[in-house]
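**Student:** One letter stands for each residue in the lines below.
2 protein chains.
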Amino acid sequence: MTAPDRRFAANILRGFIAEALVTQDLPPDDAATVAKLMVEADLLGGDGHGIFRLPRYLARLRAGGFNPRPQIRVERRQGAMALVDGDNGMGHLVMKRCAELATEIAGTQGIGWVGAHHSNHAGAAGVYAMMPLAADMIGLYVAVGNANHMAPWGGIELLLSTNPIAVAVPGATQPILLDMATTTAAYGKVKLAAQRGETMPEGWMIDALGQALTDPAKAAGGSLLPIGGPKGFGLALIFGLLAGTLNGAAFGRDVIDFNADDSSPTNTGQFILALDIKAFGDVATFKTRVDSIRAEMKSSPLRPGFDGIRLPGERAFAVRQERLAHGVPVGGKLLTDLDAEAQRLGIPPLTVRT
Amino acid sequence: MTAPDRRFAANILRGFIAEALVTQDLPPDDAATVAKLMVEADLLGGDGHGIFRLPRYLARLRAGGFNPRPQIRVERRQGAMALVDGDNGMGHLVMKRCAELATEIAGTQGIGWVGAHHSNHAGAAGVYAMMPLAADMIGLYVAVGNANHMAPWGGIELLLSTNPIAVAVPGATQPILLDMATTTAAYGKVKLAAQRGETMPEGWMIDALGQALTDPAKAAGGSLLPIGGPKGFGLALIFGLLAGTLNGAAFGRDVIDFNADDSSPTNTGQFILALDIKAFGDVATFKTRVDSIRAEMKSSPLRPGFDGIRLPGERAFAVRQERLAHGVPVGGKLLTDLDAEAQRLGIPPLTVRT
Chain A
206 MTAPDRRFAA NILRGFIAEA LVTQDLPPDD AATVAKLMVE ADLLGGDGHG
256 IFRLPRYLAR LRAGGFNPRP QIRVERRQGA MALVDGDNGM GHLVMKRCAE
306 LATEIAGTQG IGWVGAHHSN HAGAAGVYAM MPLAADMIGL YVAVGNANHM
356 APWGGIELLL STNPIAVAVP GATQPILLDM ATTTAAYGKV KLAAQRGETM
406 PEGWMIDALG QALTDPAKAA GGSLLPIGGP KGFGLALIFG LLAGTLNGAA
456 FGRDVIDFNA DDSSPTNTGQ FILALDIKAF GDVATFKTRV DSIRAEMKSS
506 PLRPGFDGIR LPGERAFAVR QERLAHGVPV GGKLLTDLDA EAQRLGIPPL
556 TVRT
Chain B
206 MTAPDRRFAA NILRGFIAEA LVTQDLPPDD AATVAKLMVE ADLLGGDGHG
256 IFRLPRYLAR LRAGGFNPRP QIRVERRQGA MALVDGDNGM GHLVMKRCAE
306 LATEIAGTQG IGWVGAHHSN HAGAAGVYAM MPLAADMIGL YVAVGNANHM
356 APWGGIELLL STNPIAVAVP GATQPILLDM ATTTAAYGKV KLAAQRGETM
406 PEGWMIDALG QALTDPAKAA GGSLLPIGGP KGFGLALIFG LLAGTLNGAA
456 FGRDVIDFNA DDSSPTNTGQ FILALDIKAF GDVATFKTRV DSIRAEMKSS
506 PLRPGFDGIR LPGERAFAVR QERLAHGVPV GGKLLTDLDA EAQRLGIPPL
556 TVRT
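Residue numbers (the working numbering), protein chains in the order written: chain A, 206 to 559; chain B, 206 to 559.
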């Protein structure tokens, strides 16, 4: 029997996730950090990157695919760059460390670039791009995705992931937050369409014969399509080289399918760049100018069929306000799964928590 | 009467361009530098960014829109970053200086980020991204384009340029060079279709009412469409903020239409990032790995309708070899215009040069 959909306060979800992770030998502080970053993804509307991932993470911890007590360390450090070895810890812990280090470096060097290898899936890209904002910096995050769902342009073999980029730019009233995959649709949207029995529009995927694929139930083996054809392929390739190859992390055929293999280390690569605005000019002037650009863009007459012009991140910040006020929705199927996990782990089910 | 199409050796084109620029008061060394970088664009197949631009540049020099003898200076310098004031000089001079400085900084700091303002149109983005390669570095270049041809997603007012990105990554045998606009088609392709009386495919442009625009003769006032809809809009916006706003350069309504206004300073913004590979690991290992990734991508079975998988830059490098061997093609219309310029400037026409 599937539970009905429900909403939970963010702190309830955080507590549940942290308790679950502690049963798998994460230190309580690390478990709390991962829980906070996962729920931050949920708050920003990244439903595929928050608590939805907990069952998979727990399966991987049980199978020994994550190191629950990693010694995350700075392996190389020169000038404005660092390379971090994540020691196969949960990606959230590795990326938080990288974002903090990039911010610290940028504070003296103007910019800071921190790459990682032996990292793992870290959830929502935007969460890490946002971290340098607190120091009045611009944040940029790029990752090699954790399963190859895209063929090179002109081919059909799945050699690339959706390699996402997120960039956060502070404004006087609200930041701009771009958080995008280099594919037309994220693979999560395909899964969602399959779950709902919907047809996909042409342009999302092609099948193994290169034909348009619109039935999401047949998505296995099919390829997501890159934005702008060869351009999106080029971006995914370059992001893979910068976040993967440059850091000595997996890219191409080396990428482990995180959803199919719970035990092999993924050697995930990511990098974070922080840019200190005050190195370039006056911070308040910059932020005011970002607001003006936002207002300019929104002032354009509308194209028929559109009810407004939304800037990157605008929807996410609105969702965050709504979910902070009214709770984070958890679907019935996920809630049932989480309660089954709770029973297995010997912690109180999410359903009874208030 | 229009001259027939012809090919010219690269050094002939360089000599012609340099002589023409010297008549407009550029110091001979600077004129030679600009000529070299313009012809490099032609060699790489960027026909819209090389000698094709000379008549426009000359018109702007005559109208006082460029400073022929700029004092390009480092205005801010901290750690791994610099901000360069281009003093309204030709963009080629400013960007060459920025690329050299970024490479120098990266040599000690691991990475170097150099932004510019009061710069100008610099031609082909890829030419600058390639500069750090000579020092075994990765190069990345982003610019605010010199005319707004794109509306924000959902709108119809032209507030954005095609804001391009170029990234060059060295390999053991050949680099990878991505050089792309954030729009489906570059505006030059629209102009070319108009010149040839061809129809544009749907997806390139919309008209002022938001309807698909396929007649390139009606392109004025229409909007190019971004790759991936809101994603390409997001990229163009972020690139504008990083290359323009962060550097105190023009972005949005401040952008001067370089093709319509020859005298107003453009305050163009660009930035170049250099990443020193040896700061991250062994250079030879990295380059070999880039070659493996290239081979992997090319080994994929083909999608029907494709005759091969091309990596970013592959076509450009092949064109460069061919043009070095057989000369750079110059269309009859352009050749006629260039000879008219030569007559006006009192230098030997291109037609008679061998």
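Where hints are given, some of them may not hold.
Given that identical chains are not distinguished, each listed pair holds provided it fits within a single copy or across any two copies.
Claimed, not checked - The list that follows gives simulated cross-link-like pairs (lysine to aspartate or glutamate, EDC-like), each with its CA atoms no further than 20 Å apart:
1) Lys396 - Glu527
2) Lys483 - Asp466
3) Lys538 - Asp412
4) Lys503 - Asp412
5) Lys241 - Glu224
6) Lys483 - Glu280
7) Lys503 - Glu362
8) Lys396 - Asp412
For the record, the hints were derived by calculation from the structure and aren't laboratory data.
Keep in mind the model is a prediction, meaning the values are calculated, not measured.
**Student:** If a hint holds in the structure, say so; if it doesn't, say that too.
**Tutor:** Here is what the structure says about each hint:
1. Lys396 - Glu527: neither (25 Å within a copy, 47 Å between copies)
2. Lys483 - Asp466: Classified as neither; 45 Å inside a copy, 33 Å across copies.
3. Lys538 - Asp412: Intra 28 Å, inter 45 Å, cutoff 20 Å: neither.
4. Lys503 - Asp412: between (38 Å within a copy, 19 Å between copies)
5. Lys241 - Glu224: This pair counts as within: shortest intra-copy Cα distance 12 Å, inter-copy 64 Å.
6. Lys483 - Glu280: between (29 Å within a copy, 14 Å between copies)
7. Lys503 - Glu362: between (41 Å within a copy, 10 Å between copies)
8. Lys396 - Asp412: within (15 Å within a copy, 35 Å between copies)
This entry does not satisfy hints 1, 2 and 3, going by the numbered hints stated previously.
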